[in-house]
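Student: Each protein sequence line maps, in turn, to chains A and B. Under my numbering, think of the first position of the first sequence as 5, with each following residue one higher. Under my numbering, think of the first position of the second sequence as 398, with each following residue one higher.
I should point out that these hints are in silico values taken from the structure, not numbers from a laboratory. A few of these clues could be false.
Stated by the list, open to error - Covered stretches of chain A (chain B as the covering partner; in silico rule of three or more C-beta atoms under 8 Å from a C-beta of chain B): (1) 19-28; (2) 72-81; (3) 136-145.
Said to hold, decoys possible - Quick list of in silico lysine-lysine cross-link-like pairs, DSS-like style, CA-CA up to 30 Å: (4) A:Lys70 with B:Lys735; (5) A:Lys76 with B:Lys592; (6) B:Lys723 with A:Lys70; (7) B:Lys591 with A:Lys66; (8) A:Lys76 with B:Lys584; (9) A:Lys76 with B:Lys733; (10) B:Lys923 with B:Lys601; (11) A:Lys76 with B:Lys953; (12) A:Lys70 with B:Lys733; (13) B:Lys733 with A:Lys66; (14) B:Lys601 with A:Lys163; (15) B:Lys601 with A:Lys70; (16) B:Lys438 with B:Lys601; (17) B:Lys801 with A:Lys66; (18) B:Lys723 with A:Lys66; (19) A:Lys76 with B:Lys801; (20) A:Lys70 with B:Lys529; (21) A:Lys66 with B:Lys601; (22) A:Lys66 with B:Lys584; (23) A:Lys66 with B:Lys706; (24) B:Lys601 with A:Lys76.
Unchecked claim - Computed footprint of chain A on chain B; a stretch qualifies when at least three of its residues, placed anywhere within it, have a C-beta under 8 Å from a C-beta of chain A: (25) 572-578; (26) 693-707.
All residues carry an ideal CB built from backbone N, CA and C; glycine is no exception.
Residue-level listing of the chains:
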Amino acid sequence: MRHIISILLENEAGALSRVAGLFSARGYNIESLTVAPTEDETLSRMTLVTSGSESIIEQITKQLNKLVDVVKLVDLTEGPHIEREMIMLKVQAVGDARDELKRLVDIFRGRIIDVTESSYTIELTGAGRKIDAFLQAMPRKDIIEVVRSGVSGIGRGDKGLRL
Amino acid sequence: MELTGADIFVRCLEDEGVEYIFGYPGGAALHIYDALYRQDKVKHILVRHEQGATHAADGYARATGKPGAVIVTSGPGATNAVTGIATAYMDSIPLVVFTGQVPTMLIGDDAFQEVDAVGITRPCVKHNFLVKDVKDLAMTIKKAFYIATTGRPGPVVVDIPKDVTADITEYDYPDAISMRSYAPVTKGHQAQVKKAAALITSAKRPMIYTGGGVILGNAAESLTEFVRTLGYPCTNTLMGLGGYPATDPLFVGMLGMHGTYEANMAMHECDVLIAVGARFDDRVTGDLNKFCPHARIVHIDIDPASIGKNVPVEIPIVGNVDGVIKDLLKAIRASKKKPDAEALAAWWEQIEEWRAMNCLTFDRASELIKPQYVIETLYKLTDGDAFVTSDVGQHQMWAAQFYKFDKPRRWINSGGLGTMGFGLPSAMGVQLAYPDALVACITGEASIQMCIQELSTCKQYGLPIKVINLNNRYMGMVRQWQEFFYDRRYSHSYMDALPDFIKLAESYGHVGMKIEKPGDVEGALKEAIATTDRLVFLDFITDQTENVYPMMPAGKGHHEMELGPCSQVVSTNRELA
């Protein structure tokens with residue numbers, strides 16, 4: 005099953021490679037990984053999407069917790085949560101296709117953020133599945149470039165992952 | 398007081414109570430070596446190869462329970478140390494390894510003797526640090542010792558660029574430390590302890606299986622009381638030997654691939670398994686699908702990640718094993734429920750039947766020296782009280798089977814990583830810690846050659862180690878597997894062109910002895926033991942064809958052991974489980 009693990013990490017050099025190294029050394033999957041500093045400059049927040057059986061996910065969370073740089077973590081998929089990913093997509097847009105593309109972007113509530121005579125650059129935010137669906141709807145031959153941010157997530161309700 | 402980084406380094410070691418630091422100098426470590434020269438509190442032991450430094454510090458740590466300290470230079474100094482760091486990591490040994498580094502402004506420039514030490518060691522350390530500012534040096538060293546020695550212990554690497562050791566700052570060593578991201582659990586959960594006590598007392602065919610955690614957690618005494626109170630059978634892993642007295646009748650020997658028949662059969666048939674400070678390693682469990690099919694399992698360990706990693710566990714207890722065993726004992730004594738004496742007597746009757754097969758029997762009439770006989774004789778002559786280090790292979794298994802360890806921290810071997818070359822340098826660490834003790838390094842002609850340069854270190858520091866070389870002219874364990882599983886195609890396992898070990902030992906200034914007949918074994922060992930002021934290298938020319946039995950081949954279960962040609966198979970018809 006797919007799990008989204010949110011981690012508060014010491015904002016130290018090498019912390020990211022400890023997490024990445026753990027996954028490669030123990031043969032765990034990483035589907036996506038995002039990391040950025042938080043309002044507390046000593047901490048980074050990492051969101052990691054992985055998949056595996058319950059026992060593998062248990063091992064993953066235990067092994068992550070064992071890393072000295074990991075301060076706290078939560079498996080967001082254990083409770084109600086919101087996940088978001090951003091995509092930036094550059095597509096060929098000429099002639100009649102320009103209108104069709106614009107309509108498609110509107111349907112998915114995306115925005116066109118750069119325009120040339122022959123292309124659009126589209127920005128779209130949503131859960132992974134929505135991004136996948138949008139990509140599916142795009143004519144494959146017209147895609148010039150795809151940039152996905154990887155998943156970020158947050159738990160629902162008034163509680164937060166903090167120190 | 399303002400000090401240079403190098404002087405701060407030495408002061409930190411003093412304040413940590415470091416007695417010995419094992420190392421080898423080089424460009425990036427020269428400021429540190431200069432500071433070491435200008436003091437006399439921390440004694441530096443100059444090895445002949447950085448691998449030897451890490452193994453020596455490791456042996457010191459295993460024998461004393463104190464952290465081992467190592468200093469090496471950058472680049473090749475650091476990479477040579479990696480094997481020893483990985484060895485310590487796999488066996489959870491507290492080491493702090495300091496690596497010199499090129500100056501901070503040269504990092505990343507492919508400078509002379511530059512290597513990314515933090516990157517290379519990351520997968521085989523508990524944690525590591527690169528110190529970029531002299532102001533962080535003392536705190537980092539404090540953290541390194543704290544992390545290495547607490548929780549599940551392990552090696553910590555501190556990489557120190559040369560300019561940091563020259564820079565000056567105020568020296569202030571913190572007394573205590575707490576880290577928000579690192580707080581190991583020490584006390585077991587009391588509700589879990591109660592549940593475990595109930596299950597343990599309800600057992601009809603109990604088994605206590607203990608590992609290196611009992612040694613590292615200084616829990617041998619409480620474990621012994623626990624086992625004796627219950628009267629349950631106890632087995633130790635290779636790393637756990639000495640955790641329970643081997644001469645005690647409740648001890649059924651080591652378990653696993655070369656464990657005893659009675660230990661493995663009891664594992665297979667038990668209905669409650671109490672695992673203490675052990676990690677269900679593949680050499681212990683055999684095929685996981687056949688592992689303890691009837692058992693409900695209690696697992697006590699300091700490391701939550703060890704619990705449920707390989708085998709599902711019914712009652713996990715995370716905590717310091719010594720404390721948890723004491724809590725368990727208290728709960729068991731307070732409980733009205735007592736173990737079923739009748740069931741336990743029947744269980745012991747079965748175990749004694751297995752034990753009666755004498756699975757460790759070997760041919761005593763042989764005209765060739767049997768390696769088992771050498772170890773048995775060493776055991777007898779030393780009253781089981783020596784410190785025994787070993788290398789890796791057949792001799793290691795025979796040492797584990799035939800030297801009966803009654804005390805913890807006497808058996809020093811590389812169990813997890815299986816590092817050939819570990820025996821001699823680790824013996825140096827042990828001998829330095831206990832100068833008057835008898836330290837024997839049981840090795841083979843293949844393993845000893847992997848760190849044989851340390852004979853020179855032994856001479857320099859007058860370490861009277863007894864090297865017991867079981868010389869069968871083969872990489873014995875490789876040869877055994879080739880005999881069993883590769884149709885006797887002995888691919889590159891024959892040791893041709895061996896040195897004359899006697900002359901070699903003598904050229905290093907030691908005593909060399911060659912023993913070729915069984916009748917000479919005891920006399921030679923006696924003479925070596927009596928030579929308390931010199932290193933004696935005993936080269937025993939042993940039977941080339943001897944194999945380690947019994948054996949649970951890889952992929953088999955505990956009940957599928959192969960016994961040696963000398964063991965009698967006694968059929969048991971009792972219905973179990």
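Student: Please name the hints from earlier in the document that this structure breaks, with their numbers sorted from lowest to highest.
Tutor: 3, 4, 9, 10, 11, 12, 13, 14, 15, 16, 17, 19, 21 and 24
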